[in-house]
Amino acid sequence: MKSRTLLCATSILLACVPALSHAQDKKAETLIVANETGPNMLDIHGVGANRPSYGVAWLAYDRLMTYGRKKLANGVMSYDFAKLEPELAESWQVAKDGMSVTFKLRKGAKFHDGTPVTAKDVKWSYDRALAMGGFPAFQMKAGSLEKPEQFEAIDDSTFKVTFLRKDKMTMPDMAVPVASIYNSALALKNATKEDPWAATWLKNNTAGGGAYKVASYKPGQEIVYERFDDWKSGPLPKIKRVIQREVPSAGNRRALLAKGDIDMTYEMPPKDFAEMSQEKGNVKVASVPAENSMIYVGMNVTKPPFDNAKVRQAVAYVLPYDKMMQNAAYGRGMPLFGAKKPVTGNDWPTATPYVTDLAKAKALMKEAGMEAGFETTLSFDLGQGTVSEPMAILAQEALAQLNIKVAINKVPGANWRAALLKKDMPMTINRFGGWLNYPEYFFLWTYHGQNAVFNTMSYQNPAVDKLVDAARFEGDKKKYAQDVKGFIDIAYKEVPRIPVVQPMVDVAMQKNVQGYTYWFHLQPDYRQISKQ
Amino acid sequence: MLATILKRLLGAIPNLIGVIVVTFLLTRALPGDPAAFFAGPAGTAEAVEEIRVKLGLNKSLPEQFLLYVRDLSRGDWGNSLATGQSVLTELTTRLPASLELTLCGLVLAVVIAIPLGILAATRPGSWIDHLCRGIATAGVSLPTFFTGLLLAYIFYFLLGWAPSPLGRLDPYLSSPPTVTGFYLIDSLLVGDLDVFVGAAKQLILPAVTLALFVLAPLARMTRAAMLGVLSADFIRTARAAGLAPTTVLFTYAFRNALLPVMTTLGMVFSFLLGSNVLVEKVFAWPGIGSFAIEALVASDYAPVQGFVLTMALLYVFLNLAIDIAYGLVDPRMRIDQ
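In the order they appear, the protein sequences are chains A and B. Each residue of the first sequence is one higher than the one before, starting from 1 at the first, in the numbering used here. Each residue of the second sequence is one higher than the one before, starting from 1001 at the first, in the numbering used here.
None of these hints come from the bench; they were simulated from the model. A portion of the hints provided could be inaccurate.
[As the list claims (entries may be wrong)] In silico SDA-like links for lysine to any residue, alpha-carbon gap of 25 Å or less: (1) B/1054 x A/213; (2) A/259 x B/1010; (3) A/213 x A/186; (4) A/422 x B/1296; (5) A/27 x B/1174; (6) A/284 x B/1157; (7) B/1281 x A/423; (8) B/1059 x A/195; (9) A/218 x B/1030; (10) A/422 x B/1184; (11) A/423 x B/1200; (12) A/423 x B/1157.
All chains should be built: construct the whole structure from the sequences, respecting the hints.
Listed below in structure tokens is the structure:
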């Protein structure tokens, strides 16, 4: 019996040997990534496309332009919002009156199936982003790209965009994943009468010309990319094959990384990243504060007593900021409180002057005539529970000192968006980040009187609106900074939302993985990565 | 026999209709708004309305139900919004993964539990009886995700014996061409031993986790049934007639004790299929359980309905299979009588 098990084991081992040596050859040019969730479709324009699908658009499709890269102070590479670089467009020229731009497409650029890229494809793709409605249309409109008439294919390699107004977000908006260029001939071949934009086919197939082809896609399991060797829009990537698997358990992903079975992972609880960055092993963590993004406590100004600025300030003076930083965010982020200097208007997100000061908070409550306290509910998205839950408990504890009785309401991820839309939660802990890295873009979503879904406080103040609108179209740098300082000052004084922390974007990877770059869409870009 | 099977299948139709109606109503009663969820991060109130119309959620409930039944009768199970795929493809790719894992776990459990139960019953109070009780108690009281994580920690992370918990196959191997969807069978069909070994290795830890969990009911049921049968009159008679102990034990006692064990087996199997979500999560197994949970969390109606319907169908067939098997084990239980 014993010898038979031994025999069995040996034969299994022997069978593994060829597989192992085979694997060794592939390892250097293959990157294995494990994440919590993968793309739910391959088309960023599709209804309900999730965040990881932005990553597919980024790799399998090209845009006319892309952003430059820069090295941050901590040595991590980041994209450079201020610098637009050619991708599919070789060059471009903004008209003298500043009301249009003409792109020259790259010569010899091809889609994955070998068809050359023409201006017609670009026009079709931009039209599609508008026609598909929902998120892609909204993103285009954020850059004043609103009507199909704005896009014009002059000849095969010349594409013109006419501006509706002078909007500094127009050019950068053409370098975000939504503005990807689709192979119109291939897509149209798979379109039907009911589905003129081939939405069904493109969910599971790509029609792009990006640096990577999608070699296999199993939703909920894995996506495998293969390098497109004919890619002309940038330096040829070093990694030939990328396998991106879904591994839901964060603990397992950490073990996989520590054992060297995967090369990279995103989306871990901050505690794991904090520990991994301390450990001496084969793993390194690249951290960048997420641009234009914050975790905050919001108070609904339509729900008394939060209509009273004094009460809101009292809350801002009682929150245990340091404990929140340490025990909820594990120090993974930039504190957005306790600023010693006044707001300049030159940097964003910027810290508020608030610190934990119980005496001041009590005095403010007295002034507001709310010494007796009140009852309220604090809600958060369970999907963000790793950070939000300890934060909520700390807030609950602290607010009890002001006789404010807080009930905690955990909202499941699916219901969170619907709950936000109703705008009836008195207090929330939430996270918001804007793609286009401008403070006025952030404020447009979160403080502006148009009361967008992320203005969770339902805050409306004409003075803020005026400054936000002015900043968006302001050409003069000094005046612009003044506008920005103006609306930040009002927002921090009236404090309908209390900024707590600017979260980190952390990525853990093997030490031999080089060239990681932080991108505003937070998705991995394998084009710059190499393994040593 | 065939006629009875047909009759049984026909008899299942009202059940299925009931399942369709109830799941339809239940999914609609779920809190949360799929339109708001899928409008995405930039969802304005108008965008949400736009999506609601696109999804047909602005229609009245009876109207939605009729549309659903019409699609169903055409073999269209709808689309999953969260994964963007048709529910039928999702289910057909994921069900084999779950089935393969569950069957392996179950076979493993049966292979261990039945001998253990028999030994415990023939020697009540002995060390083997205590061992059986200990394993059963431990197996049933440890939650599967905990056993899973523990096994992965010990055998993968510390000892390095088990392969990485990365799903059904090592990333460097590619899956065999789909025939049955069972990697073990498909790889053998094309004669790819590498893939067979790879798939088998990936199966070990999750299958052991599942087996540990179902060991308890099976072993205890075998023991109890055997104890009951062994003290019955006909066993005493058989022994008195001088039959060999093994003949008594296996031909007479075990066969009679098998009925309750099979019932438990059927229950455990169907229970496992739907509820091994946690094991699937721990081992990144692309099965049907995690798919259903994710759909529920996203208020994604079509996959939830599809999942419940598949489960109902499976139950119908499983019960039928077990009833037929009863007849084979015990002629008194033939269903055509």
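Going through the hints against the structure:
{"no.": "1", "hint": "B/1054 x A/213", "in the structure": "violated, 30 Å"}
{"no.": "2", "hint": "A/259 x B/1010", "in the structure": "violated, 54 Å"}
{"no.": "3", "hint": "A/213 x A/186", "in the structure": "holds, 15 Å"}
{"no.": "4", "hint": "A/422 x B/1296", "in the structure": "holds, 21 Å"}
{"no.": "5", "hint": "A/27 x B/1174", "in the structure": "holds, 15 Å"}
{"no.": "6", "hint": "A/284 x B/1157", "in the structure": "holds, 19 Å"}
{"no.": "7", "hint": "B/1281 x A/423", "in the structure": "violated, 34 Å"}
{"no.": "8", "hint": "B/1059 x A/195", "in the structure": "holds, 21 Å"}
{"no.": "9", "hint": "A/218 x B/1030", "in the structure": "violated, 28 Å"}
{"no.": "10", "hint": "A/422 x B/1184", "in the structure": "violated, 50 Å"}
{"no.": "11", "hint": "A/423 x B/1200", "in the structure": "violated, 52 Å"}
{"no.": "12", "hint": "A/423 x B/1157", "in the structure": "violated, 46 Å"}
Violated hints, listed in ascending order, are 1, 2, 7, 9, 10, 11 and 12; each of the other numbered hints is respected by the structure.
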